[in-house]
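Listed in order, the protein sequences are those of chains A and B. For the first sequence, counting from 1, position 516 maps to 515 in numbering that gives the first Met the number 0; every step adds exactly one. For the second sequence, counting from 1, position 3 maps to 2 in numbering that gives the first Met the number 0; every step adds exactly one.
The hints are simulated quantities; they were obtained by calculation from the structure and are not laboratory data. Not one of these hints is a red herring.
No copy labels: a pair is met if it fits in one copy or bridges any two.
List of simulated lysine-lysine pairs, DSS-like, C-alpha gap at most 27 Å:
no.: 1; residue 1: Lys579; residue 2: Lys349
no.: 2; residue 1: Lys129; residue 2: Lys197
no.: 3; residue 1: Lys133; residue 2: Lys86
no.: 4; residue 1: Lys247; residue 2: Lys15
Every value quoted in this text rests on a predicted model; they were computed, and no experiment measured them.
Single-letter residue listing:
Protein chains: 2
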Amino acid sequence: MHVFIHQTHHSIADFKGIEEYLYSNLNKESHGLHIFPELFLTGYPLQDLCLQKPFIDKYHRLLERLTSKLPKLIDQEKCCLLIGGIKYNLNERSLPISIQNVVYQVGLGKKLDDIYTKQLLPNYDIFDEKKYFKRGTDSFIGEFFGKKVGILICEDMWASSFHEWDPVHDLMEKKKKLPKGKLDLTVNLSGSPFHINKHQKRVNRAKEISHLLNCPFAYSNRVGAEDEVIFDGGSFVIDGDKVLVEAKRFTTDLIQWEYSSENGPYTEIKKQDTSQTWEGLFNSRLELSTTPPTLEPLSDDQCMEILQALTLGIQDYAQKNQIKKFSIALSGGIDSSLALTILVLSLKEKQDVEVLFMPGQKTPQKHYELAKQLCSNLKVPMVNIPIKFLNSTALNLYNQHFSDRLSEYSENSLQARLRSLVLYTRTNQFNSMALNTSNKSEIAIGYSTIYGDSVGSISLLGDLYKTEIYEVAKFINKKFNDLIPPEIISQEPISVQKSSTVDTKSIPHYKILDAILEGILNYRYSEEDLINKGFNQEDVEKVLNLYQNSEYKRGQFCPILKVSVKSFGFGYRIPISKSKQLYTGDKNEP
Amino acid sequence: MHVFIHQTHHSIADFKGIEEYLYSNLNKESHGLHIFPELFLTGYPLQDLCLQKPFIDKYHRLLERLTSKLPKLIDQEKCCLLIGGIKYNLNERSLPISIQNVVYQVGLGKKLDDIYTKQLLPNYDIFDEKKYFKRGTDSFIGEFFGKKVGILICEDMWASSFHEWDPVHDLMEKKKKLPKGKLDLTVNLSGSPFHINKHQKRVNRAKEISHLLNCPFAYSNRVGAEDEVIFDGGSFVIDGDKVLVEAKRFTTDLIQWEYSSENGPYTEIKKQDTSQTWEGLFNSRLELSTTPPTLEPLSDDQCMEILQALTLGIQDYAQKNQIKKFSIALSGGIDSSLALTILVLSLKEKQDVEVLFMPGQKTPQKHYELAKQLCSNLKVPMVNIPIKFLNSTALNLYNQHFSDRLSEYSENSLQARLRSLVLYTRTNQFNSMALNTSNKSEIAIGYSTIYGDSVGSISLLGDLYKTEIYEVAKFINKKFNDLIPPEIISQEPISVQKSSTVDTKSIPHYKILDAILEGILNYRYSEEDLINKGFNQEDVEKVLNLYQNSEYKRGQFCPILKVSVKSFGFGYRIPISKSKQLYTGDKNEP
Numbered sequence: 000m001h002v003f004i005h006q007t008h009h010s011i012a013d014f015k016g017i018e019e020y021l022y023s024n025l026n027k028e029s030h031g032l033h034i035f036p037e038l039f040l041t042g043y044p045l046q047d048l049c050l051q052k053p054f055i056d057k058y059h060r061l062l063e064r065l066t067s068k069l070p071k072l073i074d075q076e077k078c079c080l081l082i083g084g085i086k087y088n089l090n091e092r093s094l095p096i097s098i099q100n101v102v103y104q105v106g107l108g109k110k111l112d113d114i115y116t117k118q119l120l121p122n123y124d125i126f127d128e129k130k131y132f133k134r135g136t137d138s139f140i141g142e143f144f145g146k147k148v149g150i151l152i153c154e155d156m157w158a159s160s161f162h163e164w165d166p167v168h169d170l171m172e173k174k175k176k177l178p179k180g181k182l183d184l185t186v187n188l189s190g191s192p193f194h195i196n197k198h199q200k201r202v203n204r205a206k207e208i209s210h211l212l213n214c215p216f217a218y219s220n221r222v223g224a225e226d227e228v229i230f231d232g233g234s235f236v237i238d239g240d241k242v243l244v245e246a247k248r249f250t251t252d253l254i255q256w257e258y259s260s261e262n263g264p265y266t267e268i269k270k271q272d273t274s275q276t277w278e279g280l281f282n283s284r285l286e287l288s289t290t291p292p293t294l295e296p297l298s299d300d301q302c303m304e305i306l307q308a309l310t311l312g313i314q315d316y317a318q319k320n321q322i323k324k325f326s327i328a329l330s331g332g333i334d335s336s337l338a339l340t341i342l343v344l345s346l347k348e349k350q351d352v353e354v355l356f357m358p359g360q361k362t363p364q365k366h367y368e369l370a371k372q373l374c375s376n377l378k379v380p381m382v383n384i385p386i387k388f389l390n391s392t393a394l395n396l397y398n399q400h401f402s403d404r405l406s407e408y409s410e411n412s413l414q415a416r417l418r419s420l421v422l423y424t425r426t427n428q429f430n431s432m433a434l435n436t437s438n439k440s441e442i443a444i445g446y447s448t449i450y451g452d453s454v455g456s457i458s459l460l461g462d463l464y465k466t467e468i469y470e471v472a473k474f475i476n477k478k479f480n481d482l483i484p485p486e487i488i489s490q491e492p493i494s495v496q497k498s499s500t501v502d503t504k505s506i507p508h509y510k511i512l513d514a515i516l517e518g519i520l521n522y523r524y525s526e527e528d529l530i531n532k533g534f535n536q537e538d539v540e541k542v543l544n545l546y547q548n549s550e551y552k553r554g555q556f557c558p559i560l561k562v563s564v565k566s567f568g569f570g571y572r573i574p575i576s577k578s579k580q581l582y583t584g585d586k587n588e589p
Numbered sequence: 000m001h002v003f004i005h006q007t008h009h010s011i012a013d014f015k016g017i018e019e020y021l022y023s024n025l026n027k028e029s030h031g032l033h034i035f036p037e038l039f040l041t042g043y044p045l046q047d048l049c050l051q052k053p054f055i056d057k058y059h060r061l062l063e064r065l066t067s068k069l070p071k072l073i074d075q076e077k078c079c080l081l082i083g084g085i086k087y088n089l090n091e092r093s094l095p096i097s098i099q100n101v102v103y104q105v106g107l108g109k110k111l112d113d114i115y116t117k118q119l120l121p122n123y124d125i126f127d128e129k130k131y132f133k134r135g136t137d138s139f140i141g142e143f144f145g146k147k148v149g150i151l152i153c154e155d156m157w158a159s160s161f162h163e164w165d166p167v168h169d170l171m172e173k174k175k176k177l178p179k180g181k182l183d184l185t186v187n188l189s190g191s192p193f194h195i196n197k198h199q200k201r202v203n204r205a206k207e208i209s210h211l212l213n214c215p216f217a218y219s220n221r222v223g224a225e226d227e228v229i230f231d232g233g234s235f236v237i238d239g240d241k242v243l244v245e246a247k248r249f250t251t252d253l254i255q256w257e258y259s260s261e262n263g264p265y266t267e268i269k270k271q272d273t274s275q276t277w278e279g280l281f282n283s284r285l286e287l288s289t290t291p292p293t294l295e296p297l298s299d300d301q302c303m304e305i306l307q308a309l310t311l312g313i314q315d316y317a318q319k320n321q322i323k324k325f326s327i328a329l330s331g332g333i334d335s336s337l338a339l340t341i342l343v344l345s346l347k348e349k350q351d352v353e354v355l356f357m358p359g360q361k362t363p364q365k366h367y368e369l370a371k372q373l374c375s376n377l378k379v380p381m382v383n384i385p386i387k388f389l390n391s392t393a394l395n396l397y398n399q400h401f402s403d404r405l406s407e408y409s410e411n412s413l414q415a416r417l418r419s420l421v422l423y424t425r426t427n428q429f430n431s432m433a434l435n436t437s438n439k440s441e442i443a444i445g446y447s448t449i450y451g452d453s454v455g456s457i458s459l460l461g462d463l464y465k466t467e468i469y470e471v472a473k474f475i476n477k478k479f480n481d482l483i484p485p486e487i488i489s490q491e492p493i494s495v496q497k498s499s500t501v502d503t504k505s506i507p508h509y510k511i512l513d514a515i516l517e518g519i520l521n522y523r524y525s526e527e528d529l530i531n532k533g534f535n536q537e538d539v540e541k542v543l544n545l546y547q548n549s550e551y552k553r554g555q556f557c558p559i560l561k562v563s564v565k566s567f568g569f570g571y572r573i574p575i576s577k578s579k580q581l582y583t584g585d586k587n588e589p
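Produce the entire structure from the sequences given, and follow the hints as far as they go.
Shown next, in the form of structure tokens:
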């Protein structure tokens, strides 16, 4: 049996593209078992789209066309397709009563019939599958070309203590009842989003399952970015501890593998510890053996992964929204410099970027020189637009009408907003896309001006802590021969006092800040936990206060390309209005 | 048996306030059955907060204190409390393995014991309860003061075809096994958000359940607004067709009722039709018998409901975020005029509002006069800040650096952003809250400038179509003696061409626009459906295109006070990146 893994990428609801892919990649000579990703037929994540009539109607017309054409396209005795899609149960108004996330089979006696329904519906972080899908209640082992094949969909392989059932365990039970107690192959149709280290976790878990079920494990993942969610591909076939074949990551691919009945060896293993939380499955980045804990540095491989993920993320967003031109405000600081560098490295033919340098009253000449040098290294033009006069005109207008003296914070905010005004006038003129250049540390403590430096269509670096920004910048310089002027990396962070109600000059050094933030976001630590881990109480209180008071800014942020287990964005949901005594204070509670 | 319904309001995680309420409202003389709202002990909706250690730790300390104090506070033989809260099952790291939405009982032999777990977890629109909560699997009838009482939590009363089980039906079955087959009372602890007509639906459904179970139905709802979600209270006791007692709406209340064993009469009724979708349970506003359909006009009662809801929403947001001062940009048009009027009507002591009128090059003198008149009627000062010079300075700066001629659209956008710049400089200075004044029709078609007129901390009118804006304005003028200068209502809408990529001058009249939008949002109609209902094809295509291309603007919008079944905001989740052929076009699909 020949196994094909189709690592594909289509826009959500791109039914035409999906159909064309099938017609141009399959024919009478396509023999063997073809495995497609989860929800190949629709795209993912669909969110509310899957509840809307335009989507449902067009999807059903696609299914009709495929049902009539696909069986004729292939040799039904020698080819079998396993395709991820959704299955509707509609009411009389053609609106869904229930929706299932299923595997369709074409060939070997089936026209386009659903054979399996996903059992574990992820519902944490960015996932809301229980909102839309009804779970399957039974595992499935099919027979294809004389082989017994267990089928899973994505999360089905990740049972933990959160789940009330474990599809892998079910397959182990069902396997015992097979002739000779033997399963020949397990396949998993996936739509598994990227974050740092996730791919290695998948490979490890696949090995474990291969040992548990005593058979190879074929994993088909989707690729491509949907707004903030990045799918990294990296499909594979694993047998025992061996990776037999592996697809490229961050790009479409088609891999093949000839099934051999000589598999193994398999060792008897205990089942993975499933008592942990979901986040525990995927290493968090805090080194807990030091006091206070520190962020583990990114390895070169991790930096490379991040770079590839961000490149894919920004380009898919641009292409899916038909953007050919980018606009970015460059300050000469590390964040905007790194964002611009990654953007330029990602540029495709016929795309260009416009860089605006907008010095204010206090901008040092040095920043201009560094920005200019960077643009020269990157071979992109830079437009220098001093905003001093516009700024003083705005200040004069204010002073004509109001007698209060503008605070330094108000002045800085005004200046940040003037820059976004110029930036967005350019994007309006050319329908270009403004890139947001904020980092995760800033977003976490609200250290940015709403409608000012926080603007943009999508945030490239919003899921990287300041520490990580430096690490990725250094990695790029190692790989691309000091593409970013080293002084941009070595200079002190540009820290104008930007936040709204507090003195941000006294926030801890970003290395401590980032470690505290990781504790809050990923370990969900309380003030007490953080102090017990060895952080300074004053630092902890300061950070927690800034964090809790900046929820309203995060609420209006653009999509943030997700590269960590816990990013701000769609998977982060905290109410703005809540007790001010929740994170800090109220120590004398009765 | 005396029944007390506590219609309460506390901030999310305001454990101190929650505790104080109990201690100051209960004592040895508090005899009878006291019913509190769903999740009284925590607040609602909690979203990810319920997963965080700071929340979990403080909540558990609250439970400990209540367990030791509450039983001593009351006469345990004569008083019984039914309190909504959550129950954690934690792992060794004190993080939740599962969370249940439960009723705690205090008194009559219980200290603070959970007796019932919510069975139906709403998971549509703004609700994500399956993300956080584990459902209960059994109905419950308890005995209190010799009475058999069935207990439900909120959604439990709303089973439809979407649900796999029906707690009301379960109670009917359990009732049959009781002595004489008699249930004495049903109670429902609720956290049911407001939208137009919802209260009447609740009353109707309660009557139905009272008839089904042959006993009175006591309903306790929370009140108060949490960001965009408004809880309207309106708790009641219903017996058969009679409303025995009813709490105020949109404010806290405590109602009482002496249980009488002379209840009824009850009529045998068929069970409510449950084949419809959830939205179908709550009337949508489209009059479908006309061709094309039109929005049903709002009644005076509905306008009053909306006014009360918005007043509560804006004030709770302000108070929970410690805001004493509001800022608003007034244009002389209907939207900002209505927003200002409602804001001023809602003002509490020690609050004030600053109104900025910022005329541009083309602003007619008439708008100044109307704005001035409105502020005079409302007795609030208005600051007149012409932005002409600032505007031309910005234009000059642009023309100095770029050779392209600014489009009318870019110019309008720039002007809108200069207004938000001045507005936000004021909010920065005084930590005031800027009110967003966009309406639902605008938001739906992207007819606003991002970072310009779309800014604000919270949107007061963002869930009202333009049609409804006029209706509410007229209602206010009827009730408050032409508070809004009638000419503001009678003048043509101020329609600068504001949208980004399309000619919005040719969008249909707002009455047609709003009906199409209601079809898209509430009925989830496709292009074909809309044309079949009698809308003009060109109008439909134009609106669908504008709608689908403005998702990115909605993504960065502030919270929108929700008054309809389907508002933009947290319960509206559509990906930005998706096939451009989904809503329109692709008519020649194979």
